[in-house]
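Student: Sequence:
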Amino acid sequence: RALSSSSIQAPRSWCKISNLDSRRRKMLWQSRTRGWMEMNHFLGDFVEREVSGLDDEQVELLEALLARSDAELFGWISGQALMPKEMADNQVMVMLLRYINRDHPALRTSKP
Numbered sequence: 043r044a045l046s047s048s049s050i051q052a053p054r055s056w057c058k059i060s061n062l063d064s065r066r067r068k069m070l071w072q073s074r075t076r077g078w079m080e081m082n083h084f085l086g087d088f089v090e091r092e093v094s095g096l097d098d099e100q101v102e103l104l105e106a107l108l109a110r111s112d113a114e115l116f117g118w119i120s121g122q123a124l125m126p127k128e129m130a131d132n133q134v135m136v137m138l139l140r141y142i143n144r145d146h147p148a149l150r151t152s153k154p
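Start counting the sequence shown at 43; every next residue gets the next number (the numbering used here).
No lab work stands behind these hints: they were computed from the structure.
The C-beta atom is built at its ideal place from N, Cα and C for all residues, glycine as well.
Warning: the hint list may mix true and false statements.
[Stated by the list, open to error] Pairwise CB distance ranges (calculated): (1) Gln72 x Pro126: 18 to 24 Å; (2) Arg65 x Gly121: 26 to 32 Å; (3) Leu62 x Gln122: 31 to 37 Å; (4) Gln122 x Arg67: 17 to 23 Å; (5) Gln133 x Trp78: 20 to 26 Å.
Full structure from sequences and hints, please.
Tutor: The following block contains the structure:
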């Protein structure tokens, strides 16, 4: 079956990226191009889902989170390393942990 332009759907991030300001677009890009595939997935999906609804203070908190290394973030997310207080108090980090532990699509199970 031949593909027509009406049967091709753009990825979700392409559909709404034009609605984001340049700061939020940059953070979406940074979250998707981390270097570690696992972090690209966790952070990219989270940022895509949440970035448009973040207020200015939360955007600053997200920038602080994105400034951390993949090794640090993965250690905290996986529970293999203790998180420093400033990150434990970071509202966006808490949102990320909730997303991964409760809302992440990979955790959804199909009904029998």
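Student: If a hint holds in the structure, say so; if it does not, say that too.
Tutor: Status of each hint after checking the structure:
no., hint, in the structure
1, Gln72 x Pro126: 18 to 24 Å, "21 Å, holds"
2, Arg65 x Gly121: 26 to 32 Å, "31 Å, holds"
3, Leu62 x Gln122: 31 to 37 Å, "33 Å, holds"
4, Gln122 x Arg67: 17 to 23 Å, "32 Å, violated"
5, Gln133 x Trp78: 20 to 26 Å, "24 Å, holds"
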